[in-house]
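Q: Chain residues, written in single-letter form:
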Amino acid sequence: MNIAVLVLIVLAISAAGYVLGRHRALSGAQGDRRNLHSLIGYYGQTVFLFASVPALFLLAVWLFLQPMLIEARVGAMIQPSDIPEGGSATLVMSDVRRLAEGLDAAIASGAVTEEALAGLQAGDAELGSLLSDAGVALGAELRPNVLEAAKAYRSDSHGARLALTAAVIAVSLVGALLSLLRVSPEYRARNVFERFVLAALIASSLVAVLTTAGIIASLLFESIHFFQLYPAKDFFLSLTWNPQFRGGSDLGIWPLLWGTLYVSFVALIFAVPVGLLIAIYLSEYASKRLRTFAKPAIEILAGIPTIVYGLFALITVGPLLRDYFAQPLGLGTSSASVMTAGLVMGIMLIPFVSSLSDDIINAVPQSLRDGSFAIGATQSETVRQVILPAALPGIVGAILLAASRAIGETMIVVMGAGAAAKLDLNPFQAMTTITVKIVSQLTGDTEFASPETLVAFALGMMLFLFTLVLNVLALVVVRKYREQYE
Amino acid sequence: MEDMRLADRTASARENKITARGVQVYYGTNHAIKDVDVDIADRTVTAFIGPSGCGKSTFLRCLNRMNDTIPICRVEGRIEIDGEDIYDKRVDPVQLRARVGMVFQKPNPFPKSIYDNVAYGPRIHGLTRNRAELDEVVEKSLRRAALWNEVKDRLTSPGTGLSGGQQQRLCIARAVATSPEVLLMDEPCSALDPIATAQVEELIDELRENFSVVIVTHSMQQAARVSQRTAFFHLGNLVEFGETGQIFTNPRDPRTEAYITGRIG
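So the protein sequences, as listed, match chains U and H. Numbering follows UniProt numbering, in which position 311 of the first sequence is assigned residue number 311; successive positions increment by one, without gaps. Numbering follows UniProt numbering, in which position 49 of the second sequence is assigned residue number 49; successive positions increment by one, without gaps.
If you're looking for bench data, these hints aren't it; they were derived computationally from the structure. Quick reminder that beta carbons are idealized off the backbone N, C-alpha and C, glycines included. Careful, some of the hints might be misleading.
The following label-pair restraints were derived from C-beta to C-beta distances [stated by the list, open to error]:
hint, chain 1, residue 1, chain 2, residue 2, range
1, U, ALA203, H, ALA191, 39 to 45 Å
2, U, SER287, H, ASN16, 34 to 40 Å
3, U, SER287, H, ARG129, 38 to 44 Å
4, H, SER219, U, GLY408, 54 to 60 Å
5, U, GLY408, H, ASN130, 33 to 39 Å
6, H, ARG129, U, GLN379, 23 to 29 Å
7, U, VAL477, H, ASP39, 51 to 57 Å
8, U, ILE315, H, ARG129, 43 to 49 Å
Using the sequences plus the hints, can you model the full thing?
A: And the structure:
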């Protein structure tokens, strides 16, 4: 049965439960709704929720697990000999799925019956025409095991779908009945509903937490895979980055880490003072009219796609720095440089720092400003000695947030800083960062088996750890100042 | 010079410190203070009473030009301190506020140590030559605010960690540290419990020896306890101004009588 129809059935059962729940509550109270513990709607809602939520939850979990279980079963039917040279088990499995869909389509269009299908063999010419009619093109010759697997896949899927339909409807009905039986005027439907709300809120937060955990797990898994192929000692200690797809590469992280930190440092050196001064001007000095106009104007900077910033770096800032600074000073001849990427990234980060700091400075209570003015402090004295100290924890948080943004930035660095992995102090040299190298290791026709591609996960892991440490640091700093100031 | 001023002061102890004539205050189009004339005597406590929204706090904030920080606020009329018009173009509001201290309704210690809170004013105005002098000023101010004994062992701990009453006395210490001539208090006890209130009231009485104090209060008992002169504001008008005893026992205006007996408010 179609999933949409199934969902509709569950909702219909729940809606009926709503009406019956209301009715039962009201008749239990001799028709006077004032005798009920809760507002009458709560009784209906409770039945509705018990009828729908567990059933829909079961449906979601089932749909998530079913393909995995069936593929594990069907996959066992495929022999190693069925896997063609240079292919893999997953490719054969996707063939099986396509075949199964083709067979479904053939039956649905009436070209063949179930019984006839069961008798079909891999070599039959009829099968080929059937499948091409259904829009499934067979690549190589069809192996008997693969066809049998596809048939098993079909029947398993159908059986599972039937079981699913029965189970979901049953759960919905049982939920509706059980909750209906509990409905009486004394039943605290309001409180039950409240617990449901709580559970829904917790479930939503769990989605975010579990996703994070999943991402970390996949990163960790692939990184471990990488370290099995490539010695961790070389990754962490080697000072050269020189991947060779023929093998024998040097995959030292240091040149990339250095490039990342250098570019981010230049960006922050530029963005933090400017952003902070903008925030102070907007929140303390600017008139209300100017503020309503200027703040969105600055925030437009945050809305510019980073690829556009990259273009700006490539075409404008890079040549400008090369012609007027790097070459006259004899520091380099490359337009792609740490300075280029850092400056442009700094411009991108300005609205982050200014907007967040502006909000934080605005949150400093007006009473502190009044107190300072009343002693005869000028505006800038007030800002320096009262407002900034009070807003410092938040500002540190804003800066660290900008720092994690800078570390994770890719596009500007690709176009502004170049792709040469170098350890150098000269800011007018081309360097590269972790993110750029992750992209370049994974683009092109690659498979995830060699250390040259898997290194991307190890790099990603390092990047993640780095931003994690920054965030923890931010928390520690904020807590320390909070103790001091509150 | 110093002796002469001192002698001069004793002789004119009841001389007017602040003279306000025809003061009008507008918030945008709202006429908040209507033609108020007040004389505030030196070394006395003057209480401003009246129902909420009657303009007493607004008028108080005119006396140290705190209304300048509100863009839509406009002040007209003449306010003189020691015969000098404080709204004159040549007067620097920042300097003026060092002479006219203010304590607010809610205690607002800065997020700094107790010491730095009190030293804030002397530091920004450069009132001391060295650390020892600053230490002295801080101790003197804290003693004046009757807080010294409670905090002398923890001057470096944050001012925000004190109790509500202590915080308010810290704010008073901060205000007196610049040796102002006038101290404005905007409902200084409304966020405090009765014990802290009693302490602050006692303090106000002692401060009278050195400053003229203007206090806005909602509590008529408080006005009667601490002030020598009382002004009653109603709907932006100064209804009646006189000796506190006379205002509370024998008010001339029926509105004053109605307010202090609790019939309007």
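Q: Could you work out which of the previously given hints the structure breaks and list their numbers from low to high?
A: Of the numbered hints given earlier, those the structure breaks are 5 and 8, listed in rising order.
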